[in-house]
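Visitor: Protein sequence lines correspond, in order, to chains A, B, C and D.
According to UniProt numbering, the first sequence is numbered sequentially starting from 1.
According to UniProt numbering, the second sequence is numbered sequentially starting from 1.
According to UniProt numbering, the third sequence is numbered sequentially starting from 1.
According to UniProt numbering, the fourth sequence is numbered sequentially starting from 1.
Please note that the accuracy of each hint is not assured.
With a straight-line cut-off of 20 Å between C-alpha atoms, the simulated EDC-like cross-links for lysine to aspartate or glutamate are [unchecked claim]:
no., chain 1, residue 1, chain 2, residue 2
1, C, 317, D, 142
2, C, 416, A, 385
3, D, 323, C, 12
4, B, 416, D, 309
No lab work stands behind these hints, which were simulated from the structure alone.
This one's a predicted model, so the numbers in the text were calculated from it and none came from an experiment.
Protein chains: 4
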Amino acid sequence: MARFQSKKLKQEVVLRDPVHGYIHIEDKVILDVFKSKEFQRMRRIKQLGPVSYVFPGATHTRFEHNLGVYELTRRICDIFAKKYPSITPGDGLWNDDNRLLVECAGLLHDIGHGPYSHTFEHLFNTNHEKIGQKIITDPNTEISKALKQVAPNFPELVASVIAKTYPNPQVVKMISSQADADRMDYLQRDAYFTGVNYGRFDLSRILRVIRPYQNGICFTNNGMHAVEDYIVSRYQMYQQVYFHRVGRSMEVILQHLLERAKDIYKKGNLKVTSSLASFLEGNWTLDDYLNLDDGVMETNFLIWTEAQDPILSDLAKRYLYRKPFASVRIDEETKNLLPKLRNIIKQTGFNPDYYTATNSAFDEPYDAYKPSGKNANSQIEIMQDDGSLIELSQLSPLVRALNGTFQGDERFFFPKTMLSHDEDQPQIFDPLYEQFQKYVKNGALRYLRKPRKK
Amino acid sequence: MARFQSKKLKQEVVLRDPVHGYIHIEDKVILDVFKSKEFQRMRRIKQLGPVSYVFPGATHTRFEHNLGVYELTRRICDIFAKKYPSITPGDGLWNDDNRLLVECAGLLHDIGHGPYSHTFEHLFNTNHEKIGQKIITDPNTEISKALKQVAPNFPELVASVIAKTYPNPQVVKMISSQADADRMDYLQRDAYFTGVNYGRFDLSRILRVIRPYQNGICFTNNGMHAVEDYIVSRYQMYQQVYFHRVGRSMEVILQHLLERAKDIYKKGNLKVTSSLASFLEGNWTLDDYLNLDDGVMETNFLIWTEAQDPILSDLAKRYLYRKPFASVRIDEETKNLLPKLRNIIKQTGFNPDYYTATNSAFDEPYDAYKPSGKNANSQIEIMQDDGSLIELSQLSPLVRALNGTFQGDERFFFPKTMLSHDEDQPQIFDPLYEQFQKYVKNGALRYLRKPRKK
Amino acid sequence: MARFQSKKLKQEVVLRDPVHGYIHIEDKVILDVFKSKEFQRMRRIKQLGPVSYVFPGATHTRFEHNLGVYELTRRICDIFAKKYPSITPGDGLWNDDNRLLVECAGLLHDIGHGPYSHTFEHLFNTNHEKIGQKIITDPNTEISKALKQVAPNFPELVASVIAKTYPNPQVVKMISSQADADRMDYLQRDAYFTGVNYGRFDLSRILRVIRPYQNGICFTNNGMHAVEDYIVSRYQMYQQVYFHRVGRSMEVILQHLLERAKDIYKKGNLKVTSSLASFLEGNWTLDDYLNLDDGVMETNFLIWTEAQDPILSDLAKRYLYRKPFASVRIDEETKNLLPKLRNIIKQTGFNPDYYTATNSAFDEPYDAYKPSGKNANSQIEIMQDDGSLIELSQLSPLVRALNGTFQGDERFFFPKTMLSHDEDQPQIFDPLYEQFQKYVKNGALRYLRKPRKK
Amino acid sequence: MARFQSKKLKQEVVLRDPVHGYIHIEDKVILDVFKSKEFQRMRRIKQLGPVSYVFPGATHTRFEHNLGVYELTRRICDIFAKKYPSITPGDGLWNDDNRLLVECAGLLHDIGHGPYSHTFEHLFNTNHEKIGQKIITDPNTEISKALKQVAPNFPELVASVIAKTYPNPQVVKMISSQADADRMDYLQRDAYFTGVNYGRFDLSRILRVIRPYQNGICFTNNGMHAVEDYIVSRYQMYQQVYFHRVGRSMEVILQHLLERAKDIYKKGNLKVTSSLASFLEGNWTLDDYLNLDDGVMETNFLIWTEAQDPILSDLAKRYLYRKPFASVRIDEETKNLLPKLRNIIKQTGFNPDYYTATNSAFDEPYDAYKPSGKNANSQIEIMQDDGSLIELSQLSPLVRALNGTFQGDERFFFPKTMLSHDEDQPQIFDPLYEQFQKYVKNGALRYLRKPRKK
């Protein structure tokens with residue numbers, strides 16, 4: 001394999017980071033990617049989108065996260081190069097010639113994300129993974145030009161690491177596996193900025209026990225509990241932050257808002273900035289995509305607050321001024337009540353297409369630790385004294401418990417006014433509200449009478 | 001005095017905050033102000049503007065800061081009500097009837113800020129203090145409507161606390177003095193999000209030793225060192241964060257960018273969103289102001305990156321993609337070299353009006369501890385065992401030192417390419433660069449020959 | 001019920017505490033107990049005994065822990081008195097007349113502990129619970145005299161709270177239950193001083209959701225995850241700190257050292273300070289007990305390092321100079337190998353009675369969360385919106401997993417020299433070591449040949 | 001110069017440390033010194049002696065501090081070896097052949113300390129520096145034997161680094177200078193364990209900017225503020241912790257207690273453990289010294305609480321049970337009042353020789369930053385872009401202020417009962433107390449009438 005090299009900077013560039021202390025940039029290629037307009041654009045895209053409506057401190061962006069992942073890959077390479085340097089090819093140890101490649105992949109693993117990625121993709125048929133590949137390899141981007149100073153095919157190699165097609169599993173799994181630099185950074189970062197205590201697993205200990213082996217990356221057995229702790233942190237962050245009902249409510253509103261905007265645009269009646277227009281028309285280019293960010297989206301929402309369409313205007317205000325829907329837990333059985341409830345809501349004057357929704361946290365990119373199934377190859381393994389490997393859930397009852405756990409819930413969203421009359425919403429007549437409220441108890445739907453078993 | 005009251009919430013609303021743990025909202029009026037669109041708008045205005053170009057974590061907004069100041073006033077009221085309740089009028093202790101008033105003032109003390117306040121105000125003749133007063137008292141704002149549920153003149157009273165014209169000095173100084181809830185919050189918050197270690201003074205101890213007295217607020221003598229520590233933190237935050245040369249450089253670029261936009265707009269040739277247009281025309285309304293935020297500004301900058309005018313387009317890119325100017329320290333003597341240097345820069349092809357600037361950190365709102373002069377009335381006082389007061393710098397040599405300190409510096413900004421040829425800037429001929437660089441040594445300008453004394 | 005009252009201090013006494021920030025003492029009776037010689041004695045007894053040999057920072061004492069538990073009960077009382085004050089007897093809310101009682105019980109719950117409690121009790125037939133009751137109620141102790149200023153039977157009442165015989169379950173469970181002030185303090189404190197990351201659950205959130213109810217103390221449902229997190233922390237602290245194999249090894253050495261000392265004392269040949277002599281003789285008084293502490297014990301150990309008996313001298317040195325035994329995991333099956341291994345060890349020159357041991361972490365006071373069985377009444381309950389209670393493991397799969405978990409392990413301890421020849425121990429002949437080492441693999445014992453199934 | 005080498009450990013030994021995360025031991029010689037009985041003895045000597053009576057968390061020992069200093073020297077060597085490796089002799093950069101030498105010196109720099117060093121030395125004519133040299137070089141100590149595995153004269157070389165006579169100033173100043181590993185560790189450690197917020201300067205930044213130069217160690221100019229912050233932390237720790245009036249009061253009691261014990265011992269009437277006896281007799285050996293620790297001292301104090309001599313018994317109780325003297329500030333003028341006050345105290349029944357004292361914080365090892373005077377050679381220097389050096393106080397007004405600062409105070413100590421009647425002390429007649437109290441105002445002595453100017 002060719003050794004990937006870049007000019008070293010005369011003086012290392014250092015950035016303060018509240019999570020890792022400092023980000024260190026030592027190579028010209030890293031600095032040039034950092035300076036590119038495609039990378040700087042990440043400053044304008046929040047890491048957690050509408051979650052900042054629930055945790056006001058969560059204003060951090062994909063920019064810092066990408067830098068954090070880069071920094072962790074850099075540190076892991078330092079550790080591997082010092083403690084586990086490959087002597088002969090195929091010895092299962094670390095070949096530091098891969099360093100620049102994995103560092104670039106870490107830095108760019110999320111470069112394809114746009115504003116509110118999941119919602120946006122769903123509605124506008126974009127795909128952040130494909131776009132990311134394009135940003136890295138398209139000869140016109142500043143990133144691709146920067147990467148080429150290492151080797152002509154270096155952009156493609158970086159893209160292949162992110163796409164998990166690069167042959168060396170140590171390189172791929174440092175970025176994408178059940179315990180990779182990506183997750184290690186975002187769990188810590190999201191915990192820091194939301195201010196929750198969960199997610200603060202012992203990174204310094206994880207870095208002490210991480211090591212390469214033939215088929216990827218594992219952990220030595222004296223660090224089993226640190227890895228266990230990391231899995232628990234992940235579970236807690238999902239429960240407390242990523243699956244938070246109010247965050248999901250704001251996402252539901254965002255989705256309905258963009259749906260309504262699409263409908264009205266088709267009718268030719270929507271004020272919109274040019275950067276967003278091409279998406280509504282369905283003929284966007286990479287440049288259009290690169291000109292999108294949270295600010296552009298919110299600028300459009302601000303314009304829409306004064307739209308003539310009352311639903312569009314109301315949803316825009318609900319999003320910008322944080323007026324979430326209420327919600328209740330539902331299950332397979334109580335789901336059958338929804339048509340009835342939607343009908344009550346409709347009678348109070350709300351269009352149920354835009355003012356109700358079901359949202360299942362399981363629909364979201366599932367991330368809990370899964371040693372079997374389609375992600376089976378990324379299971380976490382603990383190396384014993386004699387070099388043999390044992391899969392984590394064999395050793396930890398805690399992880400074993402989480403493994404089969406039914407995580408998250410399904411919820412039904414609707415206007416808060418259905419539960420209380422505090423809001424300044426028009427109310428047709430009161431009995432509707434009372435009728436609705438009978439179906440809600442302890443935060444879940446329930447049958448008034450137990451449905452007869454067939 | 002009338003007691004200010006608001007309906008208590010059935011259940012307290014609580015927000016996670018990484019700095020204070022939780023923000024507690026117990027009164028309906030506070031919740032209603034919080035929910036108003038004018039207050040929610042603060043979510044879209046960064047607390048430190050371009051400082052996030054230097055410290056990537058500094059993406060926190062004026063929204064969290066306002067909530068933090070509110071929370072601190074709430075806690076101080078709790079402490080005062082428990083430890084120092086007024087028994088008879090004029091006893092110099094705390095009358096808790098003022099609680100709601102001072103809490104609202106804390107919550108709204110910065111409500112008039114728009115995007116990049118200082119730069120924006122200078123160029124568009126806006127004034128965040130006057131606008132803040134208007135947002136609070138104008139009968140059309142949601143905030144004013146929310147405040148009126150306490151009393152018809154409550155908006156005016158809240159505004160008077162912020163304007164420091166309210167007669168009770170304890171109420172005014174809790175929000176505005178050398179050691180007020182405002183500064184206590186922003187020093188801690190800015191330190192947390194930038195990730196610097198400075199600014200983390202011992203808030204829990206300060207809150208233990210703060211107390212009311214006849215003419216305002218002071219500290220008991222067992223807390224002298226905590227207050228001293230707070231003053232040192234302030235000094236360090238100014239040196240390290242607020243006066244950072246790269247942050248100031250980005251601010252200089254922002255200023256030149258907006259100046260250029262104004263010029264071009266006059267010539268009728270600038271694409272701009274409608275919300276910004278009214279400011280360029282000089283006929284903006286309060287609604288226009290309330291529709292501005294960081295995202296709207298950056299949406300315009302994105303549009304301008306493709307403007308025909310090369311200077312506008314270049315400055316917009318420099319701002320969005322973080323390409324700061326270089327800078328050197330100057331003083332009264334070396335200032336005389338600037339015409340010569342501007343001339344060299346001009347010969348290399350840069351318009352010095354847009355590509356150079358001087359910026360003095362002393363020009364910025366000076367905030368260091370000043371017990372005498374025009375802010376004399378807000379000096380920090382330490383109460384002795386026998387109830388007498390001694391001004392802090394009489395007790396602390398550290399504070400005494402800072403008191404007379406010449407803080408900050410004056411700098412000359414110019415394109416980085418003048419110092420190195422790394423940037424892809426057009427270069428007329430090399431000797432110009434060499435000539436320029438002779439004047440720079442150890443980060444400051446210098447005379448090539450010592451100027452003759454007259 | 002009589003309201004328990006004590007003179008309030010003119011000025012609150014405040015102590016810095018790294019875990020809770022400050023300890024606040026407001027009542028004269030608390031201050032007087034604090035000043036008593038029996039309480040000050042706790043300064044000289046480490047909280048975690050030999051654990052400081054594994055985690056050098058763990059030098060904190062029972063003194064700070066007792067203060068910490070007091071402080072937490074004080075804060076819980078503040079919260080209960082503010083949020084859940086009893087209006088009518090039997091309403092299941094908090095009667096603040098109990099405050100002083102529960103605060104004293106918190107302060108004194110561990111007052112009966114001596115140096116190395118568990119080991120010491122086992123060998124000298126002392127009982128820290130009974131001694132604690134005596135220290136509180138014996139009319140000659142300074143503590144009993146201090147408590148009597150509240151009421152003549154106040155010492156007995158405080159003792160009854162600690163003994164769990166006091167009738168009010170809210171008072172008892174604040175000190176003794178699966179989620180009490182005692183555990184909340186020691187998990188946080190032990191984590192802080194050992195420097196491990198585990199154990200740092202979100203105390204501020206727990207305090208937000210704790211509440212009284214008819215039969216004790218429960219948590220509101222918005223805090224379920226914080227309580228879950230606390231249970232996980234407990235699990236982790238046991239795994240990582242309390243069950244650490246080296247800490248247990250040092251405890252094994254301590255036990256053998258004291259056993260040997262007893263044997264030699266009987267033979268009339270042991271130098272010993274007078275305070276320890278009475279225990280070796282078996283005729284100790286309360287005053288003797290109160291004159292014991294870690295320093296006295298170690299002073300004796302220092303004397304014994306120069307004893308003529310080589311085993312006593314060697315064990316004393318091993319303890320003082322940290323020379324732990326090695327150990328391997330054993331199970332029901334491999335236990336049968338121990339006679340054979342002890343015999344090998346004996347052949348190398350070590351007396352297996354003093355140089356080997358088995359120690360089972362399950363023998364230690366088992367503390368993991370158990371909602372059924374003999375501690376069933378202390379299960380953790382979560383209050384739903386409608387006031388009904390659900391036991392925690394019904395709601396949390398994580399806790400459910402830990403509930404049935406086989407926590408800890410059983411180990412066989414022996415001289416390190418059996419595994420390597422680094423130590424300066426006499427070695428009879430090498431093959432013994434090789435033979436021994438064949439039975440050890442991946443930190444556990446194993447059969448050389450699989451034993452035949454009967 | 002010979003390169004100092006030691007066998008590398010097969011597997012690095014790692015210790016958890018709450019301040020630095022982990023202590024890493026990679027060399028056999030370091031591990032052997034660590035295991036020596038002279039080093040392990042440091043576990044039994046508190047770092048801050050009686051300061052734990054004021055800050056209960058401050059139970060940390062000289063053991064952890066020595067390990068922390070070692071760890072910092074190790075990290076500084078890592079940084080120097082990576083960033084500033086010497087290429088040719090005399091180039092002013094770092095020769096990593098010195099690593100093991102400076103690491104051992106860091107580990108052993110305080111090895112000569114015994115219990116309550118400063119008080120003890122003063123009374124028993126010991127000298128911790130000389131004893132430290134002896135422990136390192138005496139051929140009978142385990143430390144000396146361990147060190148000799150590097151080279152026969154290695155003990156002497158290590159001792160010479162600590163004695164500052166080793167020729168290489170970089171090696172010496174890493175351990176002993178105004179900004180050395182010793183101070184960096186203890187400021188952070190003492191802050192962590194006391195729980196104060198001061199002292200937490202930005203160590204990670206200091207380590208980024210530290211560098212070797214011809215005459216020692218300096219800091220690069222981008223780190224000027226981190227060094228300034230460190231100096232301020234030092235100032236604050238002295239003010240808040242090391243000069244705390246109650247800590248000094250306990251030290252005064254300790255001193256009087258040991259003085260009284262000496263007196264009584266001479267009269268042949270003191271029960272004492274043999275290890276302390278040799279000091280009272282004045283014929284102690286190194287072994288005697290190595291058998292002293294805090295526990296031995298306190299074991300003696302416990303015995304003395306039951307001594308017949310009422311002063312000895314009372315002082316022992318005051319020390320063990322924390323009954324500090326009260327104190328007031330005095331100055332050159334008010335000192336003249338002391339004979340009068342001592343006389344009043346005597347009349348109330350206290351022997352002023354044992355129940356009063358003056359103590360000046362300036363008497364303690366003065367440590368504030370002093371660029372001129374006898375410590376002039378250890379001034380802190382900041383390296384400019386062009387390699388020139390500027391002394392710190394030339395650059396920082398804060399440090400300049402501290403430089404000439406009058407730090408600390410002089411106090412007069414006396415029984416608390418003189419100020420209040422709360423204590424259970426015998427009181428002859430009340431007017432004496434009133435008379436005494438007239439001289440005290442705001443924590444200082446004062447003249448009742450202004451003394452006439454001569």
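Visitor: Give a verdict on every hint.
Guide: Hint check:
Between residue 317 of chain C and residue 142 of chain D the CA atoms are separated by roughly 13 Å; this keeps the pair inside 20 Å, and the hint holds. For the hint linking residue 416 of chain C to residue 385 of chain A, the alpha-carbon distance of about 17 Å falls within 20 Å, and the restraint holds. In summary, the hint linking residue 323 of chain D to residue 12 of chain C is supported, as the alpha carbons are separated by about 18 Å, within the 20 Å threshold. Taken as a hint, the residue 416 of chain B and residue 309 of chain D pair is broken in the structure, with Cα atoms around 80 Å apart against an allowance of 20 Å.
When held up to the earlier numbered hints, the structure conflicts with hint 4 and nothing else.
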